[in-house]
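With the hints as extra help, turn the sequences into a complete structure.
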Amino acid sequence: MTKPRVAIFDLACCEGCQLQIVNMEDDLLNLLTVIDPVEWREAMSDQSTIYDVAIIEGSITRQADEIKVMEIRQRATYVVALGACATMGGVNKLKNNFAIHDVKKTVYGEAANMPHLDTFTVKALNEVIEVDFEVHGCPIDADELVHVVKCLLSGQTPSAPTHPVCVECKMAENCCRYEYDELCLGPLTRAGCDARCPANGFWCFGCRGFLPDANFTAAREMAAEHGKSLEDLESKLALFGSK
Amino acid sequence: MSIKKVGSAEFKGWVQSLIKKHTVYGVQAKEDRFAFDVLDAPEDLRLDYDVTILPPKKYIQPQKEVLLTFDENGVFESVMNEESFLILGVHPYDMVAISQMDKVFTKDNRDEHYMAYRERATIIVSDVQTASKDVFAGCMGTSTGEECSGHDVLLTLLADGSSLLEAKTEKGEALLDLIPNAAEPHEGDLEARSAIWESNRKELRKHELHVAPSDLPELLERSYDHPVWNEKSELCYACGSCNLVCPTCYCFNVQDDFNWDLKSGTRSRCWDSCMVSSFAKVAGDHDFRPLAAARYRHRYYRKGKYVPDMIGEIACVGCGRCITSCTAKIANPAEVYNCLLEKV
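Residue numbers (this note's numbering), protein chains in the order written: chain A, 1 to 243; chain B, 244 to 587.
Hint data in this document are derived by calculation from the structure and do not stem from the laboratory. Beta carbons: idealized from backbone N, C-alpha and C, even for Gly. Some hints here could point you the wrong way.
Mimicking EDC-like on lysine to aspartate or glutamate, the simulated pairs with C-alpha atoms at most 16 Å apart in a straight line are [claimed, not checked]:
id	chain 1	residue 1	chain 2	residue 2
1	B	301	B	345
2	A	150	B	280
3	B	307	A	173
4	A	150	A	132
Partial list, computed: chain A residues near chain B (C-beta under 10 Å) [said to hold, decoys possible]:
id	residue
5	23
6	27
7	30
8	213
9	241
Dropping the structure here:
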């Protein structure tokens, strides 16, 4: 079997998801037995315009990004969105809650109008191009990427869980954060992380995105039940749920 | 079968000898709750627990379990549990649930993977010392060591701090033999145990069920279109918590995972939940129960009608875990079944 040529690209992000791939250690060597990386800024110096699979992390914040991802889409057979910034805009979308000129002035001060700082409203990858597969999370779980890669190579359709984090949290036998009157976003958030945050005593931040059928009515009522205001809930939802 | 009476120091020594001889899973504190875990020292054992987050089912039907491996030619080999283990401190309602699972997994096709765990399990049941806030086992006839079966030893703590240990099987008898010079109980000790059972039948009723459990199948028979299903499920997160903590939920999902050669791999099964949106989705994206209300109703029918029709027992043991674990506070079986009585 010819190994597919894979290119990894980064847009606006902390590059922590790429780092998760570098951190795969033993499994990274296994990964390299089935793919041929041709561009991967964090791990190699080569670049290429010919590839079968493009893995893109980060969100779109400039016109140049839009043009870049449209080019990538034309060249790649499959496009994989890697991590929360790429799949849904991530924490970068907090910016969209404010007027763009205020944001630019706050961040860049006097240089705000320089052409290379011409940022606009943050977009997820699927708001600009068609995305074939999404690997959720902030950061991603490398095992999930491995699952997607193996599925692609063996002709299966990879699927992300469509149930909330509570499923994995209960299986891990964690104490529920609601028993401590914390506003955990687990009941609204897509599973697949093995409830890592609740397992370590934190409420779920919602980094894998809210489910299409997430029950926000229940979330509002339960916030009140646990002595929290709607503002408390909204501020938590904004971190990974801004439009 | 024999009954022995042991003092607290003697009991500790017995637990120590169990740990030396077996892999022991015992109840221990976990943050502000309790959980079964590998027991390293008798001091860690908390038989005064109210309820564990997950039932001991997790040792007999694990959350995730490899069923078989397959090679590049499609030749497969079953993977079976070969380890023996001992579960120490199972509450009677959880033992009733395990006995029900035994029926479910041996009816029709015998599930060899389940049985490989079950047959290697030695179970010591402990009568409840502390009632949990949502337990209603007293309403379900599952609250005492007198009302369960299938275990090897029954342990009851008496008011004077000593424990009664009753062997129920040959395996249990062998465990009792580990106690040197164990005393025989007096008639008064057995009466004290009966009094504890009588008390637990009354105390383990934090919620009242206003219908006899045996009447549930008939009540549900005429409640399919009751408004309670829609009303309650409006707040349902479809998060599956009620299923996952339930000692009588046994549904699982099967998945294949490839090794790096992309030809060989493993087939495993994992707990599933009929409350989550993907549960009834089949080929072609057809979905038998797309609405949360339909899934919500289904769960109560499983417990009160479908499984009872299959094995002749109500598939709710009144442990109250679903009530405690439901974030939206809509999963109280006693409340739901009472609703069906009041508003038809």
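For each hint, the structure was consulted:
1. For the suggested pair residue 301(B) and residue 345(B), the alpha carbons sit about 14 Å apart, so the restraint of at most 16 Å is met.
2. The suggested pairing of residue 150(A) with residue 280(B) is violated, with an alpha-carbon distance near 34 Å, which exceeds 16 Å.
3. The hinted pair formed by residue 307(B) and residue 173(A) meets the criterion: a straight-line CA distance of about 13 Å does not exceed 16 Å.
4. In summary, the hint linking residue 150(A) to residue 132(A) is supported, as the alpha carbons are separated by about 15 Å, within the 16 Å threshold.
5. A cut of 10 Å between beta carbons decides the hint on residue 23(A): the least distance to chain B is about 18 Å, and the hint is violated.
6. Restraint check, residue 27(A) versus chain B: the minimum CB separation of about 8 Å is within 10 Å; hint holds.
7. Nearest Cβ of chain B to the Cβ of residue 30(A): about 4 Å, under the 10 Å cut. The hint holds.
8. Given the 10 Å rule on beta carbons, the hint for residue 213(A) holds: about 6 Å separates it from the nearest Cβ of chain B.
9. Proximity of residue 241(A) to chain B is violated relative to the hint, the smallest CB-CB distance being about 16 Å (cut-off 10 Å).
Comparing the model with each numbered hint stated earlier shows that hints 2, 5 and 9 do not hold.
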